[in-house]
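J.: Next come the chains, spelled out residue by residue.
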Amino acid sequence: AQKVTQAQTEISVVEKEDVTLDCVYETRDTTYYLFWYKQPPSGELVFLIRRNSFDEQNEISGRYSWNFQKSTSSFNFTITASQVVDSAVYFCALSEEIGANNLFFGTGTRLTVIP
Amino acid sequence: AAGVIQSPRHLIKEKRETATLKCYPIPRHDTVYWYQQGPGQDPQFLISFYEKMQSDKGSIPDRFSAQQFSDYHSELNMSSLELGDSALYFCASSYRTGRIYNEQFFGPGTRLTVL
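Residue numbers (the numbering used here), protein chains in the order written: chain A, 207 to 321; chain B, 135 to 249.
Each hint should be verified, as a subset may be incorrect.
To be verified - Now the stretches of chain B that chain A is said to cover, found in silico as 3 or more residues with beta-carbon under 8 angstroms:
# : region
1 : 163-177
2 : 181-193
3 : 221-228
4 : 237-247
Just so you know, these hints were derived from the structure itself, not from any lab. All figures in this text were calculated on a predicted structure; none of them were measured in a lab. Each residue gets a CB set at the ideal place from its N, CA and C atoms; glycine is no exception.
With the hints as extra help, turn the sequences into a complete structure.
T.: Put into structure tokens, the structure is as follows:
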């Protein structure tokens with residue numbers, strides 16, 4: 207069975223600090239996809255990244271970077287030089303190739319960036 | 135770029151009433167997903183449709199039903215509403231390339247309050 211664990215329930219950082227959000231997943235599939243979504247206070251779910259299980263290359267997009275390590279079943283997300291607008295709940299999610307690709311979400315990490 | 139449209143954005147109902155939520159996917163997207171997010175919870179997958187056929191089913195109560203129409207829009211019908219149905223209901227859409235489902239893009243959600 208699939209499972210996504212985000213052990214950090216809440217994190218607070220001061221603006222301009224770097225912060226890493228942890229995500230650990232479980233799946234029996236050899237082909238799967240990992241995602242990060244951002245949910246700001248307004249409530250919408252904003253897609254950040256999708257990574258497939260065969261691509262372990264780390265990715266950087268502006269102040270965001272992702273570290274995917276199959277050996278530890280982790281897909282961590284780092285925000286560099288955090289800003290107040292980064293305050294949100296961040297969800298890590300997993301989908302498996304078999305089936306209709308529905309997402310299994312972690313419980314989310316609430317990030318608060320203090321000015 | 136066009137996004138997923140959901141209507142209504144807010145809905146207030148009494149217990150035992152019925153509700154219908156609508157979702158209009160991104161143009162050319164053939165797959166629609168419904169998720170339910172309770173207060174302080176992560177989104178939970180309810181049901182999905184591909185090319186107007188149900189493709190997967192999650193934790194959707196028997197009181198709920200859904201369908202995808204010929205224009206690819208989808209409706210989630212909820213009957214005998216209970217207080218516990220109060221939640222944010224997200225629709226997401228994606229398109230399929232062969233066996234692969236691409237990333238899901240979420241609508242803004244419908245906030246249902248049951249009194």
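J.: Against this structure, judge whether each hint is valid.
T.: Status of the hints after comparison with the structure:
1. 163-177: Contact hint for the region 163-177 of chain B vs chain A: holds, 6 residues under 8 angstroms.
2. 181-193: With 5 residues closer than 8 angstroms to chain A, the region 181-193 of chain B meets the three-residue bar; holds.
3. 221-228: Holds: 4 residues of the region 221-228 of chain B have a Cβ under 8 angstroms from chain A.
4. 237-247: Check passed, 8 qualifying residues.
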